[in-house]
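The task is simple: from the sequences and hints, build the whole structure.
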Amino acid sequence: MLNIDFKNLIKRTKKLKILYVEDDKESRTQVVKTLDNFFEHIDIATNGIDGLLQYKSKENNFYDLVISDINMPRMNGIDMIKNIFKINNTQNVLIVTAHNNSEYLEELINLGIKNYIHKPISIKSLLTELLKIIEGMEKKNKKDKDFTKIKKLNHELDALVGSFDTYVIASRTDLKGKITYVSKAYEIISGYTEEELLGKPHNIVRHPDMPASAFKNMWDAIQAGKLWIGEVKNLKKDRSFYWVEAHIAPYYNGDGEHIGYSAIRLDITSKKRAEKLNSEIANLLNNAGQGFLSFGKDLKIDESFSKECLSIFNTLNIFEQNIADILFYNDFNKKNLLEDAISRIVDTDEVMIKEVFLSLLPKENKINNKDIQIEYKLLPDDKFMLVLTDVTNTKKLEFKIKQQKQIQNMIVEIASNKQDFLEIKHDFENFIFNTPNDLRILLRELHTFKGLFAQKEMLNIVPAIHNMETKINKFEEEEYDKIHTLNDHFQLDLNIISSILGHDFLETNHTINIDKNSLNILELKLQKLNIGNIKESLSDILYDFEKFKYESIYNMLNNHTSSAKIMAQKLKKEIYPIEIIGDKYLTIHTKYKPFVKSLIHLFNNCVEHGIEDIETRFKNKKDEIGTISCAYIQINNKLQIIISDDGAGIDINKVSQNAIKNSIRVEQEIDNMNNEEKTNLIFADKLTTNDKVSISSGRGVGMSAILDEVNKLYGKIKIENNIGKGVKFTFTIPLEKGE
Amino acid sequence: MLNILVVDDSLIIRKTLTTKLEEMGYKVVAQAKSGKEAVSLYKEFMPDLVTMDITMPIMNGIEALKTIKKKHSDAKIIMITSHGEENLVMEAISNGARGYILKPINHEKITLVINKVFPELGHIKHL
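So the sequences go chain by chain: P and R.
Number 1118 marks the last residue of the first sequence (our numbering); no jumps.
Number 1027 marks the last residue of the second sequence (our numbering); no jumps.
Don't take every hint at face value.
Unchecked claim - Here are the computed lysine to aspartate or glutamate pairs in the EDC-like style, where the Cα-Cα straight-line distance is at most 20 angstroms:
1. P:Lys-1000 with R:Asp-909
2. R:Lys-1016 with P:Glu-729
3. P:Lys-762 with P:Glu-729
4. P:Lys-733 with R:Asp-909
5. P:Lys-555 with P:Asp-599
6. R:Lys-966 with P:Asp-726
7. P:Lys-396 with P:Asp-422
8. P:Lys-949 with P:Glu-1003
9. R:Lys-969 with P:Glu-729
10. R:Lys-971 with R:Glu-985
11. P:Lys-733 with R:Glu-985
12. R:Lys-976 with P:Asp-728
13. R:Lys-915 with P:Glu-991
14. R:Lys-1003 with P:Glu-994
15. R:Lys-976 with P:Glu-729
16. P:Lys-1001 with P:Glu-953
17. P:Lys-714 with R:Glu-991
18. R:Lys-1009 with P:Asp-728
Unchecked claim - Calculated from the model, a selection of chain R residues having no Cβ within reach of chain P, i.e. all distances over 12 angstroms:
19. Ser-910
20. Tyr-926
21. Val-928
22. Ser-934
23. Leu-1002
Source of the hints: derived by calculation from the structure; they are not laboratory data.
Positions of the beta carbon are idealized from the N, C-alpha and C atoms, including for glycine.
Structure representation (structure tokens):
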């Protein structure tokens, strides 16, 4: 029983095109009737020639199946099939034979035709053969499709091999390292042709820069059957170079035999060039002696920074550290300022405003005892760059130059008034080794010396005395025993002086200058010495000698004016040059000298407390430049010295408050005082209207030193205080008879 | 030719700054002694530029800046400042000040900041 699914078969045959060749009309009609059930398109031919012509009239592969009789007039079926096979040797053919005719059968088999049926045609045999043919056709179709796929794959593979050849620098060598294959890319990069390379040892491209050890390493690996990967510098035919990352492995043939080595390489020449450039830049930055670093808006330092940064911050790494924390670790305000500025810069889009913020940042800081100068630069994308420069040495040099200038000033002051300096020196040395027991007197004298030395702009002794005064004022009584240590500081200044002016300068004995004229008169008097009247003559000569002890008061006072000038410069106040008004030839006995010297405190006071700063004077509609005047006169047996300024006058309330504060007077005492008495409080010890104690004034002992000297000479002081307009001091000193 | 309003509580600074600005060819149209005065004088004169002190009585420079900027957003104001006021200057800049001059004031500093605020005037050489 034939088990055929008709529906399925018809579905598969419906679209097939058939050429049916049969000369017998009866057979034709019968067969066509059956075929009509299966095929939609059936062409009919009546003999071999007719069939062949119809076949030829259609394009190749038009008919899916040719069904043909054998015995036909004009051309039989076998010959027709032979001709058809010449056109298409894969044509499906089904032969219908009348008899069991073995003479044709052999020919059919030779032609490769396996499908035939006998007449009269039974439906069963026809269907059986049709099914065979259709299955065969379907199989063939599938094969054709697969073949197309394979062809496409082959094509892609060819392209791949082609691009491998073009782009991959590949080579193979035999076991001895002789080249057996190179890719096109290899030829291009090395500059050699395939013919030049094949059979040559691979070291033809070896660059002299490559150390032998690198290749030993490679041979060890690949001979042990391992993959070796490394960066290699190679030599081109034109002697230039290229860098590759080489992957070299042992190479085996199909039988697993080790026959050589195979290598592929990546061209890393540009990467190497970039690396070299980077390392050159890094080298430059690392050796610039400056710290370069960058950070983002989170203040975290980026990974790249110059080596100098590490020495500036004295650490091993600064990557990811907060820049504000390490740059301003010792200054909270600067740290805040930086953090504030960065967040404000990030908030604005205006570059100009960003720059303004940067310009407000601290330009210097002391980091680990080094003076570091800081420059800020804006980078794209809210990044910031810092340039840090160690300026410690520059600063030291600046300090040295400043010191040198100070030494110069000191030398000029001392050399231009040698006598004066030698006297002070003598007095000071005397003071140090015969320190007064009374602390008050000691402080007063010490203060006067400080004023005198400051006037000479002395480098070491002035700050030394200042420090000692501060300590004694804090009741550190033990300092009292250390007064002699001041001599060490004094000696430092003396060393500087003698190194510049010579040793003789300081070694001169205590001398006074005698003018030639006086000496001549004295000589004359001695020559005329009359023995009979010796007593009278001697007293005359002694009187002359006594006169040598007299000195010009003008010179004494004039020394103070330079002190006042220096003080004004320090306090940034402006004063007109101080003119000393009085008889330039007036001399006074040296015993009045301590008094005149003590007046230095008054000059200083006038500048510090009297004269206002420029702005205040301007506001008060006064001349911006202050005036200090000094005049002296001898009337009868009295010497009068008047010192005045056009400053603010003495603030009586402030003086009174200070007196209470320093426990000089109690409140009730002050309440009972009149203005004059209150004003006189400025002469009390430990009193000053200046709240700050400066190095050259403001101890509150200066004025009391003057009062002390005036009292010793039984003199008087008159103060005329004019608030807002100035103050005038008049000193009246009685001179001994005959002076 | 710029019309300038000078604001400072210190007479000497007002005088110095005015003299310097006039020497350089600018016109000082008014001077204010306080922030409060600056606000009303700004309205009256509508100057091209204001130089504003920071620490002043009655109304400080930053408050005055904010008040002026609120009504006249295009007002061009620069701050006059001294060392140690950097944080205040930053506050002022964030509120719309266009620049600052660090005391002591001199021609170079004035030129620098005016060139930045008015780039359209071209490069002005100081005298």
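Here is how each hint holds up against the structure:
At roughly 16 angstroms between alpha-carbon atoms, P:Lys-1000 and R:Asp-909 fall within 20 angstroms of each other, so this suggested pair holds. At most 20 angstroms may separate the alpha-carbon atoms for a hinted pair to count; R:Lys-1016 and P:Glu-729 meet this at roughly 12 angstroms. For the hint linking P:Lys-762 to P:Glu-729, the alpha-carbon distance of about 15 angstroms falls within 20 angstroms, and the restraint holds. Simply put, P:Lys-733 and R:Asp-909 have alpha-carbon atoms about 29 angstroms apart, too far for the 20 angstroms limit, and the pair is violated.
For the suggested pair P:Lys-555 and P:Asp-599, the alpha carbons sit about 14 angstroms apart, so the restraint of at most 20 angstroms is met. A C-alpha spacing of about 18 angstroms is found between R:Lys-966 and P:Asp-726, which places the hinted pair at or below 20 angstroms, so the restraint holds. Proposed proximity of P:Lys-396 and P:Asp-422 is supported: the alpha carbons are some 8 angstroms apart, at most 20 angstroms. For the proposed pair P:Lys-949 and P:Glu-1003, the alpha carbon gap of about 17 angstroms is at most 20 angstroms, so the pair holds.
Of the pairs offered as hints, the one joining R:Lys-969 and P:Glu-729 holds, with about 18 angstroms between alpha carbons and a cut-off of 20 angstroms not exceeded. Restraint check for R:Lys-971 and R:Glu-985: not satisfied, since their Cα atoms lie roughly 26 angstroms apart, outside the 20 angstroms limit. Taking the CA atoms of P:Lys-733 and R:Glu-985, the gap is near 18 angstroms; set against the 20 angstroms cutoff, the hint holds. Between R:Lys-976 and P:Asp-728 the alpha-carbon distance is near 18 angstroms, which keeps this suggested pair within the 20 angstroms criterion.
Our distance criterion of 20 angstroms between C-alpha atoms is met by R:Lys-915 and P:Glu-991, whose separation comes to about 19 angstroms. Proximity of R:Lys-1003 to P:Glu-994 is assessed by CA-CA distance (about 15 angstroms); at most 20 angstroms being required, the pair is judged to hold. Using a Cα cut-off of 20 angstroms, the hinted pair R:Lys-976 and P:Glu-729 holds, with the two alpha carbons roughly 15 angstroms apart. For the hint pairing P:Lys-1001 with P:Glu-953, the CA-to-CA distance comes to about 12 angstroms; that is within 20 angstroms, so the pair holds.
A C-alpha spacing of about 16 angstroms is found between P:Lys-714 and R:Glu-991, which places the hinted pair at or below 20 angstroms, so the restraint holds. With a C-alpha separation of about 25 angstroms, the suggested pairing of R:Lys-1009 with P:Asp-728 is violated against the 20 angstroms cut-off. R:Ser-910, annotated as away from the interface, has a beta carbon of chain P within 12 angstroms; the closest lies near 6 angstroms. At roughly 21 angstroms, the least C-beta separation between R:Tyr-926 and chain P is larger than 12 angstroms, which holds for a residue marked as non-interface.
Separation of R:Val-928 from chain P is adequate, the least Cβ-Cβ distance of about 18 angstroms exceeding the 12 angstroms criterion. Against chain P, the non-interface label of R:Ser-934 holds: every CB pair exceeds 12 angstroms, the least being about 15 angstroms. Chain P draws R:Leu-1002 into its interface by the beta-carbon criterion, the shortest separation being 9 angstroms against a cut-off of 12 angstroms.
Consistency with the previously given hints fails for numbers 4, 10, 18, 19, 23, ordered from lowest to highest.
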